[in-house]
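A.B. asks: Whenever a hint applies, use it, and build me the whole structure from the sequences.
Position 5 of the sequence shown, counting from 1, maps to 5 under my numbering, and the rest follow consecutively.
No wet-lab data here; the hints were simulated from the structure.
Computed from a predicted model, the values in this text were never measured in an experiment.
A portion of the hints provided could be inaccurate.
[Stated by the list, open to error] Cut-off 27 angstroms, straight-line C-alpha distance, at most; resulting in silico cross-link-like pairs (DSSO-like, lysine-lysine): (1) Lys13 x Lys130; (2) Lys21 x Lys9; (3) Lys83 x Lys101; (4) Lys101 x Lys21; (5) Lys9 x Lys101; (6) Lys83 x Lys13; (7) Lys9 x Lys83; (8) Lys21 x Lys63.
[As the list claims (entries may be wrong)] What follows is a set of in silico ranges between Cβ atoms, one per label pair, in the way DEER data are often shown: (9) Ser77 x Glu37: 15 to 23 angstroms; (10) Thr52 x Pro90: 15 to 23 angstroms; (11) Met1 x Ser124: 16 to 24 angstroms; (12) Ser92 x Thr52: 38 to 46 angstroms.
Think of the CB as a built atom: it goes at the ideal place given N, C-alpha and C, for glycine as much as any other residue.
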Amino acid sequence: MFFGTYTPKLDEKGRLFLPAKFRDQLTEGLVVTRGQERCLTVWSMAEFEGMTDRLRAAPVTNKGARDYVRMLFAAASQEVPDKQGRISIPGSLREYASLTKDVVVIGSMNRIEIWDPTAWNTYSEEQEQKFSELSDEVFPGI
Numbered sequence: 001m002f003f004g005t006y007t008p009k010l011d012e013k014g015r016l017f018l019p020a021k022f023r024d025q026l027t028e029g030l031v032v033t034r035g036q037e038r039c040l041t042v043w044s045m046a047e048f049e050g051m052t053d054r055l056r057a058a059p060v061t062n063k064g065a066r067d068y069v070r071m072l073f074a075a076a077s078q079e080v081p082d083k084q085g086r087i088s089i090p091g092s093l094r095e096y097a098s099l100t101k102d103v104v105v106i107g108s109m110n111r112i113e114i115w116d117p118t119a120w121n122t123y124s125e126e127q128e129q130k131f132s133e134l135s136d137e138v139f140p141g142i
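C.D. replies: Here it is as structure tokens:
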């Protein structure tokens, strides 16, 4: 499980030091691809394979499923962290998420998200009130 917020930096080659707390779960490899809200999503290989199995079950006649699969897989990059815990973020993905040097890395349960700091701050501020309101919707009766 991934949780917490970290602020590493991309190096001049577009590599990211993964937070130390995340590295053990990603030593076998990972997939980094587009996420929603113009962030990047990092999945462990096991999680990505599980999601792939679920997507295979979607009917190819469903346009939404086809569109989602195309966008997700066309941008995907398989990576293996190096001995220092770094992964390469392809230029096209850095451009998609407006990543330069400073980034925000958040744990999001079964995945990691990589955000441009300004985009994360804006999103986080916009969601703060909704977070309080969503608890009844997500956890009814608690």
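A.B. asks: All the hints need checking, so say for each whether the structure fits it.
C.D. replies: Structure-based check of all given hints:
Our distance criterion of 27 angstroms between C-alpha atoms is broken by Lys13 and Lys130, whose separation comes to about 37 angstroms. Between Lys21 and Lys9 the alpha-carbon distance is near 16 angstroms, which keeps this suggested pair within the 27 angstroms criterion. Restraint check: the Cα-Cα separation between Lys83 and Lys101 comes to about 21 angstroms, which is no more than 27 angstroms; the hinted pair holds. For the hint pairing Lys101 with Lys21, the CA-to-CA distance comes to about 21 angstroms; that is within 27 angstroms, so the pair holds.
Under the criterion of a C-alpha separation no larger than 27 angstroms, the hint pairing Lys9 with Lys101 is consistent with the structure, at around 5 angstroms. Restraint check for Lys83 and Lys13: satisfied, since their Cα atoms lie roughly 16 angstroms apart, inside the 27 angstroms limit. A hinted pair counts as satisfied when its Cα atoms are at most 27 angstroms apart, and Lys9 with Lys83 qualifies at roughly 17 angstroms. For the hint linking Lys21 to Lys63, the alpha-carbon distance of about 38 angstroms lies beyond 27 angstroms, and the restraint is violated.
Range check, Ser77 to Glu37: Cβ separation about 19 angstroms, and the 15 to 23 angstroms hint holds. At roughly 19 angstroms, the beta carbons of Thr52 and Pro90 sit within the given window of 15 to 23 angstroms. Between Met1 and Ser124 the beta carbon distance is about 20 angstroms. The supplied range of 16 to 24 angstroms therefore holds. Checked against the hint of 38 to 46 angstroms, the pair Ser92 and Thr52 fails, with Cβ atoms roughly 21 angstroms apart.
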